[in-house]
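**Q** Which chain is which? The protein sequence lines are F and R, in order.
Each residue of the first sequence is one higher than the one before, counting from 1 in our numbering.
Each residue of the second sequence is one higher than the one before, counting from 1001 in our numbering.
By construction, these hints were calculated from the structure, which means they are not laboratory data.
The beta-carbon is built from N, C-alpha and C at its ideal position, and this holds for glycine as well.
A couple of the hints might just be wrong.
[Claimed, not checked] Using 25 Å as the maximum straight-line C-alpha spacing, the simulated DSS-like pairs for lysine-lysine come out as follows:
| no. | chain 1 | residue 1 | chain 2 | residue 2 |
| --- | --- | --- | --- | --- |
| 1 | F | Lys110 | R | Lys1084 |
| 2 | R | Lys1272 | F | Lys107 |
| 3 | R | Lys1171 | F | Lys60 |
| 4 | R | Lys1086 | F | Lys164 |
| 5 | F | Lys107 | R | Lys1171 |
| 6 | F | Lys140 | R | Lys1272 |
| 7 | R | Lys1272 | R | Lys1219 |
| 8 | F | Lys91 | R | Lys1085 |
| 9 | R | Lys1125 | F | Lys107 |
| 10 | R | Lys1086 | F | Lys110 |
| 11 | F | Lys141 | F | Lys91 |
[As the list claims (entries may be wrong)] Going by beta-carbon spacing under 7 Å, a handful of chain F positions derived as facing chain R:
| no. | residue |
| --- | --- |
| 12 | Arg54 |
| 13 | Ser65 |
| 14 | Glu86 |
| 15 | Ser96 |
| 16 | Asn106 |
| 17 | Lys107 |
| 18 | Lys117 |
| 19 | Leu137 |
| 20 | Gly138 |
| 21 | Tyr142 |
The primary structure of each chain is shown beneath.
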Amino acid sequence: MKSMKVVVPVLLLAGLGAGALASAAGITPQSMADALHMVLDTDRTVYTKLIVNRLQNEEKVIKASEHWKEDKALVLPAQMFRAGAEMTHDKGATFSYSLLSLWPVNKQNKARTDAEKQGLQYVVDNKGKNFYAEETLGGKKYFTAVYPDYAVVPACVTCHNGHKDSPKKDFKIGDVMGAVVIRLPLDG
Amino acid sequence: MKQPKHLFSWIAAGVVTLALAGYFTSRLLGEDRIVFTPGAMTHGHYQIELACNACHTPFAGVKQDACIECHGARLAASNDSHPKKKFDDPRNADRLEALNALRCVTCHLEHRPQQTRAMGVTLPKDFCFHCHQEVGDDRPSHKNLAFDSCASAGCHNYHDNTALYEDFLVKHANEPATAAHPAVPVRKPGDALRASGMRGRKPLGLADQDAPAEYAETKALHEWATTLHARAGVNCRDCHQPKDQPQWIARPGHEACNRCHESETKGFLAGKHGMRLAQHLPPMTPALARLPMQPDARDRVLGCTSCHGAHAFDTRRAAADACLGCHDDKHSRAYEGSTHERLWRAELSGAVSPGRGVACATCHLPRTIHKQDDGDARIRVEHNQNWNLRPNEKMARSVCLNCHGLGFTLDALADPALIADNFNGKPARHVESVDWAAKRVSQPSQGVKP
């Protein structure tokens, strides 16, 4: 991948522990996106395993619910991820990220742009590999990275397979259920 | 001969120009700037149409922040279905080209009475099409439905769907029209005391009053002595001459109430009764209202005491009789003799338990439950009528479902004739959303293979 100048909030880099990257000359969009994904994926996996799966599926002390506020329940891992994306945006981030799928429960989370469509299909067809592309949206140029999102615990597959709005109901542990899409602006 | 004639023309033109410039400058700098408004404003803003800067920033148009400053809290509380942050994502750039959902004024243009529809929307009715044209693929029940019917059939709202989303419809399907034990939340005296920070004072009686001597034997004092104010230790000077005031104030305004009743005053200033005061305009009077009002109430000035009374502070009078002292539209007139009114009178007489009666305020100034940091829940009266007024489905959860089933509620709220008749009778319309949602759950779609 050709090295490019990317607009990167310095505070974010510090927060992500990416100081080494920041000090190195020429951070590539891919290395930046990969670093972001590592943190996002780790945090969500921790929440999914240590909170949701443990308390809902193993200990059975509290449920996770799409309507968590009304049901006084845990936030679903996908909702936790989205809430983080929205809060990051509210803080003024120039990058964005989302959780999309070829089989979304929420139809607004299906692939929309060409890069998303190609990327989601690629990570399903090429297990273990990521997809990177550049795209222009609304007149602005972006680096778009697509990372496979796996079913890591039983809570993932039981919830999606049993949801009335899920177009796919035969997920298994280890399957690619969707993808994390990270978008970095390239125009400054 | 020609020169003097041109000279007179120039002088006349100059005089007219100067006169016009003087007139418009004086109007611009004065309080009455109505001459500059390009068209009548919507029902939501007409009261403050002379407070141009409430919405307009000089030489910068209407900024988004101006809308959010007044409407942001309600949008957040309703879990806005189409928040700005949903459209900020670059993946929605093509949608923004069709409909710029980042700005309120894309849909809600002011000063356009000819093109303004319900909820102050100035876009064509079928705007949902731009993003939801494929809805029929996922919802067979929605195939071939016209896109100008999404919001008009009692099914969807652009912002507030808290009583309309599918799982909620399913959860409340098959509920009876009226619940077995209908009742709205009842305030406890301690709620107001805790909120005001006035706990711990010694109860007061007539002998404890601290008014100037000329007020010693007035009716006002006797009314005060019977109130919660006296029981809570609130004396005359707490309102009429608080510590920061050197002189006795004969008629304290909402600022005095705000010292203890902050959330109620905030709601009042955000609502239709107080929004003019919030913009530093003269207070609202029934004469300024667009709704029909009682002729003899035209010149009443709206403040806290116009509904609550200056010393009795009778919340029961404020909940219905005070409203009917001004409001004279069909819905208000039909309240008398309605089932809701009969229950309210029964509650006042003690014939039914507290919470069973339905006054005007029960629906329009609803009781809202606020969770505190200590886990305690307090009930407040929301004094901003706009909180659940329009679209009227906003009233479903905050009010109607305390007593009625969701299906009955949505049908009733979709029936304009029934609303005008103050719900005397049964709904003549039927909103099918609950049926469709229940049917979809009982016949789920089959999964597909990748």
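**Q** If a hint holds in the structure, say so; if it does not, say that too.
**A** Checked hints:
At roughly 19 Å between alpha-carbon atoms, Lys110 (chain F) and Lys1084 (chain R) fall within 25 Å of each other, so this suggested pair holds. About 39 Å separates the Cα atoms of Lys1272 (chain R) and Lys107 (chain F), which puts this hinted pair outside 25 Å; it is violated. With a C-alpha separation of about 23 Å, the suggested pair Lys1171 (chain R) and Lys60 (chain F) falls inside the 25 Å cut-off, and the hint holds. Among the hinted pairs, Lys1086 (chain R) with Lys164 (chain F) is consistent with the structure: their alpha-carbon atoms are about 24 Å apart, no more than 25 Å.
A threshold of 25 Å between alpha carbons decides the hint, and for Lys107 (chain F) with Lys1171 (chain R) the separation of about 22 Å falls inside it, so the pair holds. The suggested pairing of Lys140 (chain F) with Lys1272 (chain R) is violated, with an alpha-carbon distance near 43 Å, which exceeds 25 Å. Taking the CA atoms of Lys1272 (chain R) and Lys1219 (chain R), the gap is about 31 Å. The hint is violated against a cut of 25 Å. Among the hinted pairs, Lys91 (chain F) with Lys1085 (chain R) is consistent with the structure: their alpha-carbon atoms are about 11 Å apart, no more than 25 Å.
With a C-alpha separation of about 23 Å, the suggested pair Lys1125 (chain R) and Lys107 (chain F) falls inside the 25 Å cut-off, and the hint holds. Annotation: proposed proximity of Lys1086 (chain R) to Lys110 (chain F) holds, straight-line Cα distance about 14 Å (limit 25 Å). Between Lys141 (chain F) and Lys91 (chain F) the CA atoms are separated by roughly 22 Å; this keeps the pair inside 25 Å, and the hint holds. Residue-level restraint check for Arg54 (chain F) is violated (minimum Cβ-Cβ distance to chain R is 25 Å; threshold 7 Å).
Because the closest C-beta pair between Ser65 (chain F) and chain R is about 9 Å apart, greater than 7 Å, the hint is violated. The criterion of a C-beta within 7 Å of any C-beta in chain R is met by Glu86 (chain F), whose closest approach is roughly 5 Å, and the hint holds. At about 5 Å, the closest approach between the beta carbon of Ser96 (chain F) and any beta carbon in chain R falls short of 7 Å, and the interface hint on this residue holds. Because the smallest distance between the Cβ of Asn106 (chain F) and any Cβ of chain R comes to about 11 Å, over 7 Å, the interface hint for this residue is violated.
The restraint placing Lys107 (chain F) at the interface with chain R holds, with a minimum CB-CB distance near 6 Å, inside the 7 Å limit. For the restraint placing Lys117 (chain F) at the interface with chain R, the shortest Cβ-Cβ distance is roughly 11 Å, beyond the 7 Å limit, so the hint is violated. Because the closest C-beta pair between Leu137 (chain F) and chain R is about 4 Å apart, less than 7 Å, the hint holds. Annotation: Gly138 (chain F) was flagged as interfacial toward chain R, and the flag holds, the nearest CB pair being 3 Å apart, inside 7 Å.
At a threshold of 7 Å, the smallest CB-CB gap from Tyr142 (chain F) to chain R is about 6 Å, leaving the interface hint in force.
Figure legend: structure checked against the earlier numbered hints; hints not met, in rising order: 2, 6, 7, 12, 13, 16, 18.
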